[in-house]
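Chemist: Next come the chains, spelled out residue by residue.
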Amino acid sequence: MDISKIDGDKQVEIRFFGSLKRLAEEKGWLFPCLYQLDEECSAVKLAEMMGIPADQIEGAFINGIGKPIDTVQVRPGDRVGFVPYGIPGPYRVLLGFHKKYGNK
Amino acid sequence: MGTLLRVNMTTGEVQKEAVPEAYSGLGGRAFTSKVVRNEVNPTCNPLGQNNKLVISPGMLAGTRAPSSGRLSVGAKSPLTGTIKEANAGGTTAQKLASLDINGIIVEGKPVDDTFYLLLINEEGCSLIPADDYKGKGTYELSELLRAKYGSHIGVMQIGPAGEMKLAGAGIANNDPEGNSSRYAGRGGLGAVMGSKGLKAIIIDTQKINSSEVANSDTFNAAAKKFAKILLDHPVCGQGLPSYGTNVLMNIINEAGALPTKNFRKGRFDKANEIGGEKLAEVAVQRGGKATHACHSGCVMRCSNIYPLPDGKVCAPVEYESAWALGAHCEIGDLDDVAMLNYICNDTGLDTIEAGGTLGILMDAGVIPWGDGKAAIKALEEVALGTPLGRIIGNGALYAAKAYGVTRVGTVKGQHMPAYDPRGAKGIGVTYATSTMGADHTAGYCITANILKVGGFTDPLKKEGQVDLSRNLQIATAAIDSSGLCLFVAFAVLDNPEGLPTIVEMLNAKYGISLSVDDVIKLGQQVLRDEREFNARAGLAKEHDRLPEFFIEESFNPHGTKFDVTDDELDSIYNF
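Residue numbers (our numbering), protein chains in the order written: chain A, 1 to 104; chain B, 1 to 575.
Take these hints with a grain of salt, some might be off.
Said to hold, decoys possible - Chain A side only, calculated, beta carbon under 8 Å to chain B, not exhaustive:
id : residue
1  : Gly18
2  : Phe31
3  : Gln36
4  : Gly77
5  : Gly81
6  : Val83
Simulated from the structure, these hints should not be mistaken for laboratory data. Here the structure is a predicted model, which means the values were calculated and not measured. All residues carry an ideal CB built from backbone N, CA and C; glycine is no exception.
All chains, please: the whole structure from these sequences, using the hints.
Modeler: Given below as C-alpha cells:
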C-alpha cells in the first residue's frame with residue numbers, strides 16, 4: 001500500500017507478532033504498517049483484507065486492549081496488534097486474548 | 001523409596017539416609033519448602049551456619065514424562081528474608097532422580113574459607129577441596145569439570161558473585177551442551193551456597209530417566225498421552241519452539257505493560273529490536289538456534305542459542321532477561337542485551353535482579369539511560385569485587401539505598417520482573433502477595449477448567465484479580481513440586497485431559513491414588529508452609545504491598561494506577 005496516499009484520519013497502525021510477523025513480511029507489510037480503513041470493520045475482516053488468515057490469529061489488541069479476535073471491531077485511527085496462537089504465558093488470559101483451543 | 005543426602009559443611013560429613021516420613025512422597029518445591037519450614041530457624045542469618053540449602057528434583061523428574069526435568073532449590077533468602085524456592089531446568093534434576101536422590105540438604109558452614117565440590121556418583125558422594133576453582137566464572141568451570149569428569153555430568157555451581165555472598169547471586173545448572181545458563185536465579189540462593197563453601201555439585205552419571213516407576217506400563221501410556229497433549233497445542237507445539245519466551249516482548253509492549261525506564265512507561269520504542277522475532281532471525285543467521293531444549297525429553301524446546309559477534313554464545317536469551325537488561329534500562333541493542341546476559345551467567349547473577357539494579361544506577365546517573373556498553377562495563381565489576389560491583393551484585397534495593405534512589409520496583413526486597421502491575425493488575429496481586437517476593441513464576445500457571453477461573457478478567461481493572469492470582473499461586477505451587485515445566489500449563493488450560501493425565505503419571509510412578517483435588521491441596525499446603533515460615537521470620541501483611549509509586553502514579557498508555565486495596569490483597573490466602 002502506498003503510504004503517501006493514506007488519509008491520516010482513516011489509517012490504522014498495525015503490528016503482527018510471532019509467526020504472523022513473518023507471514024506479514026512475506027506479503028510486504030512493514031512493522032508497523034499503516035493501512036487505510038475507511039469505516040469500522042471487524043478485526044477478522046481487517047486481517048483477511050491484508051491477506052492474513054484469521055484462523056491463524058488468536059487475539060487482537062485494539063489500542064492496547066487485547067481480546068479474542070472474533071470479538072473486536074477496528075475503527076479508523078486505531079492501533080492494532082495481531083497475536084497468533086502459540087504465545088506462552090498466563091498473559092493470554094491475564095491480557096484478555098485467550099481463546100480456548102481444542103486438540104487438532 | 002528414595003534417599004536423602006545430608007551434607008554437613010562444618011564437619012565435612014556426607015550421610016545418605018532414607019527419606020523420613022515427614023518428607024515422604026514430596027518433591028521439588030513441596031520438598032524444599034517443607035524442609036526449610038521444619039528445619040531452618042526463620043530468624044537465622046541467611047548466610048550463617050543455621051540456614052540450610054535444600055535441593056530437590058521434582059516428583060516426575062528422571063522419568064520419561066515429557067518436559068519433567070525441573071529442579072527446586074530452597075533456603076531462607078538473603079535477598080528477601082523470606083522462604084525461597086528457585087526453580088531451574090537443565091540436566092541436574094533428571095540425574096539426581098535417576099540416582100534415586102529425592103533431596104540434598106546442605107547444612108552448617110566450613111570453619112575456614114575453603115571451598116569444596118560435592119561429587120555425587122553411583123558409588124556414593126564426597127566433598128573434595130576446590131580452592132583451585134575459586135574466582136572462576138561458570139563457563140570456565142563448566143569446561144574444566146567436563147574435561148575432568150566427562151561431558152555427561154550434571155553441574156550445579158556458583159560464580160564469583162555467590163563466592164562473595166552477594167544477595168543477587170543465583171545457582172547455575174548446565175544444559176545438555178554444558179552451558180552454565182539454566183538458573184535457579186531468584187532470591188540470592190547462590191550466596192547461600194557460597195556461604196556454605198560449596199562451589200559446585202557434580203552429578204556424575206550417564207542416567208537421565210532411570211528413576212524408579214511403580215507401574216511402568218501405565219506410566220508410559222500416560223506419558224505418551226501427555227506428550228501428545230503438549231505437542232498438539234499451538235503454544236507448546238509451535239509458539240515456544242519457534243520464538244521462545246521472548247516473543248512476549250512485542251506483545252507485552254503492545255499491551256502497554258512493558259515496564260520501561262524503571263517503570264515510567266508501558267511501551268519501549270525499541271521493543272522490536274530486542275524481541276523474539278528479531279532474536280530468532282539473528283540467531284539462525286549466525287549459526288545459532290531459535291529452538292533448543294534445556295533438558296532431554298523436553299518437547300517444548302523454548303530455549304535458544306544466540307551467538308554473539310565475539311564468538312561467545314548466550315543460551316538462552318529469555319524474555320525476562322531481555323526485558324530486565326533491555327527495556328527496563330532502555331537498551332535497544334540485542335547484542336548488548338545478550339552480552340549482559342552472558343556476563344550474568346558467568347558471574348553467577350540473577351538476570352532480573354541484575355537488570356533491575358542497572359536501571360537503578362541509571363536513575364542515579366551512574367550510567368546513562370540506554371547505554372548498553374556502559375552497562376556492560378559496570379556489570380563486569382561484579383566479578384572483580386570492586387565496591388561498585390558489590391553494590392550491583394547485592395540487588396536493586398541495596399543499590400537504591402546506596403545512591404538515594406527512592407523509585408525501586410521491589411517487593412520484600414526482590415525486584416519485579418517484566419510486567420507492570422498497573423498494566424496487568426493480576427500480576428500485581430501476585431507480586432505483592434507471593435511468599436517469594438516480587439515473583440512472576442509464583443503465579444504463572446493457569447488451569448482454568450480445574451480452578452474454575454472462567455471468563456475474561458480485564459487486566460486494567462481490579463475486579464477478579466485476587467481470585468485469579470490466588471488460583472495461579474496454588475496451581476503453580478503444585479506444578480513446581482511435580483518437576484514439570486510451568487509451560488505445560490498452556491496445554492492443560494485448554495485440554496480437560498491435561499491435569500488428570502499429570503495425576504495419572506504421578507499415581508503410576510509412586511503407586512498411589514491421588515485425585516485432581518489432591519494436587520490442588522498439595523499446592524495449598526506448600527503455600528501454607530511458606531506463609532508460616534514467613535510469619536515466624538517476622539513478615540506481616542504490611543509486607544504484602546507494592547511500592548507506593550504504583551498506587552500514586554498513573555501509567556501510560558492506559559493511564560491506570562494499581563488500585564487493588566489492602567483488604568483485597570489480604571484476602572488472598574483465605575483457603
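Chemist: Check the structure against each numbered hint from earlier and tell me which ones fail, lowest number first.
Modeler: When the structure is compared with the hints, numbers 3, 4 turn out to be violated.
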